[in-house]
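S.K.: Given next are the chains, with one letter for each unit.
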Amino acid sequence: MRFWACLIVAATLAGCGGEALGPSGDAFAWRLPARFPVPLVPDSNPMTNAKVDLGRHLFYDRRMSITQQFSCASCHQQSRAFTDGLDVAVGATGQPHPRNSMTLANVAYPSSLNWANPLTRNHEQQALIPMFGDNPVELGLTGEEDALLARFRADRTYQGLFPAAFPEASDPVSIDAIAKALAAFQRTMISGDAPYDRYLAGDRGAISESAVRGESLFFSERLECHHCHSSFNLSGSVQYVGKEFRDQEFFNNGLYNIGGTGAYPDDNRGIFTFTQKPEDMGRFKAPTLRNVTVTAPYMHDGSIATLDGVIDHYAAGGRTIESGPFAGNGSQSPFKSGFVPGFTLTPGEREDILAFLRSLTDDGFLRDPRFANPWPAGGPGGP
Amino acid sequence: MRKSLLGTLLAGVAFSLTLAACSSDEPGDQAVAITFRPQVGTEVFSCSASYTGIGTTASDVQFTDFKLYVSDVRLVTASGVEEPVTLAQDGEWQLDNVALLDFDNGTGNCAGSVETNYQVTGTVPAGSYTGIKFTMGLPFAMNHGDVATAAAPLNSTDMFWVWNFGYKFLKVDLSTTGQPGGFFVHIGSTGCNGATFTSPPTSCDFPNRDTITLTGFNAANNVVVVDPKAILTASNVNEDNGDEPGCMSSQTDPECVPLFSRIGLPFAGAPAGAQQLFRVEAQ
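Chains as they are written, first to last, in the working numbering: chain B, 1 to 383; chain G, 1 to 283.
Careful: at least some of the hints might be erroneous.
Listed next, the stretches of chain B that the computed footprint assigns to chain G, with coverage defined by at least 3 CB atoms under 8 Å from CB atoms of chain G [claimed, not checked]: (1) 119–128; (2) 142–155; (3) 236–248.
Quick caveat, the hints were computed from the structure, so don't treat them as lab data. Every residue gets a Cβ at the ideal spot worked out from N, C-alpha and C, and that includes glycine.
Chain G with its partners taken away, still in its complex shape (with noise of 0.2 Å):
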């Protein structure tokens, strides 16, 4: 992650202009701060660590890169009233609705940046909130604009994905027994189209855009554990049977297809299965 001049002036901007118009101090609005904690099963995520029984084959794996993109974030009222979260623009982290979770602190076999981001924050309309709504993913439009200009956390070339003129929406990245050199899984948006000299693409076949909703969270007491063991369950990490290796999205790859269920994604046909990436613990 790194924070460009142009973020930082944007921030400016949007700070200078809060000053002026008090727009997120607004006498009803109270700030908030969501905790996303990366979990391995019940056991903390670390970029040093090695873990067990991964997958069908209960594989030893370790990581090399975990981040996300989250936009949209709402909180919700025990009546289903949801109310948006309207993100600090950091010029680093946070960007207009999106943000981006890098639990990647290049040590240990992760070879990032040494930043680290945890966290959402923001404002939201004083009240009482009892569950959380957010999108794994980036908007259309930011998802094709220009890398090589983008403001952060747009910049991270870690979450590029060049060829497919988009970003990664989830990147995880394992070395396992079998597939030393990498199990990857990459989510984004595949099937692009209409793309022209100077234009983007106009629309995306398969968005994979990831709504999530999740019950009981109270960001006070709560924190949004982030676990890619429990959408590995149903994978054999030690092989690769076709496409890339692990999941890049691919509508024909065979690891795609417990992945997506579990992630909660519509793949080749098959409906969305209940997403396990995300689930609601204590602080």
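Okay, chain B solo, but in the shape it has when bound (with noise of 0.2 Å):
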């Protein structure tokens, strides 16, 4: 009997996870620049246009937290590569969250997800995160699902765009869909058409000759930048279709180190409050450094406000904090990643190294209106 039961639980599970792909003339193309690998998608969520539309739409709809005044957008706005300008992201009930709204461009890539997170699997799992995190609170779900749901089923819009993304499921909205096509659609976030991808597929004009001496600088041993921001998305490590397995890179870049002892403040301690193990106190993800131009502040807590500071604080090899709680000299951390030795910069190098990161910023990506509100003026949508 206990056999049978097995049986009839595994095709109800099938029954009700089964999922389509769009109606022929619906299938999805990826829309990869020259150089950019096609990322990974679960085969439990498919890649249809269908639910890139619909997550689209969540994306951008403040109905998605507790006060109906806060979407995704709120702290992810297209013309900044989806961050906001702020120190730490502030969530729909105004508590501050810790750390730096992350750019979504290339977020398809990334071997992990969030700043310092090695659990986070794919976007799926990860759109649950600011939906259902309570400390700290960003969209403020948490025991809001069931009134989140009746919103959306008594939309109209949603009325015809659940069932298309989902066609055979027989309850289209649910919290699984919108966390499935929230992925879909921060899987098309695809930024690589910088001046500087330009450059690199033969147009040799596309950036300056200091941008091309900047680029010498960046990828010597001398700054050592590389190590850390590399590949197609100058990040840390990615993975895509032919490059599946696993390499998570966490780097612990000397911004604190806390009465000497390597400490960083509590709210920000990297992925050690993950494994509480010493040597991962302060080791964050190294972001990709596209747009870089137009996500400041940077670093994990959004404490340097200028590219001009962060090549000081790499200059210096850590951050030395004179007084307060945080005091401390981070060039000396026990922590700290061998690739942050500190270095020497002329002015004109450092205009080179500017001019460098400058050439990464992709206008088309930052306008591109795939990635814009879809929501008529007047409607549900917004930042």
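Two chains, each in its own frame: build the complex with the hints.
M.R.: Pasting the structure below:
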């Protein structure tokens, strides 16, 4: 009897989780720049245009929060490469987040999501963190899921979008569907048409001579930038079709060394929070540098305001905080990465580095209508 | 707590199997209902009440949430034989060998749903029992499944621990004189690792599953009292001296030290103390 129970349960599960690709003519096509590999997609959530469209509506929908005044786009604004310009994010209820809003450009690729979470498996799971996290509160939907789903079931736009995205689901409006659609939309946020990309593609005039010199400095063993900001994404480790193994990387870049013990502020200790291993103190992901001119302020806590300040930080091999509760010399942290030894730049070299970083801004991505608010004026959409 | 479609289906499957096989109505089985009673010291727990004398500063507190998962419930005979309780698969509060106890009725200071659950129900081989044993927490495999599709009672968003990709096993949220915004007690597995793009963590360094053994318990006459005041006796609920406000199971959180000891869990190299969260009282 138990054997049959298993079979029935398995069949039930399969029936509930099944999804179809869109109707013919709706086949999803990646629009990948040269040099860009195909993103990984879980078998349980194949890409379709209908799902991406639903995800875009949800991403911009202010009803996706406890206050109904706050959307994913509140912290992830397209004109800033899906960051918000704040030191640290502020959630729907006004609670500050300990960390800076991350860019979503090329978020299909990183081997880990968030600033320092070795457990984030994929975008479907990650979407649940801003929805249901309670410390800090982001969208604040804990305990609100019935009200949320009721709002969406009653919305005429969604009465078309959810069934189109999940045509085989008996109840297409679900938390699972929301997470899957948001994941599908975010995977399409690909930024690969910066002047530097055109330069790499053969347009030697696409970036300035200063930027070309800056490129050489960036990839030099003297500055060591490229060890952590590598690959087509100029970021920590990536994964994609053909490179499916997971090589997550997290680095301590000497931002804090409280009291000389290597300690970081309590609410921002990197992956130590997960592993509880002393050597993981202050280890964060190296984010992509694409569009970095529009993603200020910098670092996991937004504690460096400008790119000049970032260069100062790495030139010093870490940050020294003279006084206050976080006082300490970051360059002497026992946990600091060996790739942050410090360096000296001439004023001209500093300008070259900045010119290279500016060449990573993809203006088309910041304006691409495929990633913009799809809701009509006066509707529920907005940051 | 929300009853899910899948939960309903599973309950239906379980029910029809029960009818077909009579598996849980075997001649030697007896029904059992184990009542858990939330108390604050000697006072009945309520979302609407204020309580005094909590912790080292004798603080005034209100509760904003109080839930916990129990699993692997066993009744123990006088000679020490343990018999597992086969839980009723109700599609709402109980799934496999796991039950959610939910004392938050959504009134007063609590913001949860109105539904509550104070009981674990099921069957156990007929006999005379004098003790009870259970685990506070979820089994490893259930703790790291996909919450977006999980069946009740694993679909309680209050118990999601999304950043940690698991569930809170115990959630006791307080508002105190010194910390009106919250002194939180969230106990769950930490130090988890081995997650990949398509698979969940494979192990956790700090499982924080609490095995509780209580004697002098007869389900017909006794209840299991769950008393957060008893685990807070050495805590200063008005202050936070590191990490998260209260204790969210971080191995470096100073507020976790006295709490883990009284919950009965080892912590940061220190062995477990005697658990004081649960005790047996007369109905």
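S.K.: Each hint should be assessed against the structure and marked as holding or not.
M.R.: Results for each hint:
no.: 1; hint: 119–128; in the structure: holds (count 7)
no.: 2; hint: 142–155; in the structure: holds (count 5)
no.: 3; hint: 236–248; in the structure: holds (count 3)
No hint from the list above goes unmet by this structure.
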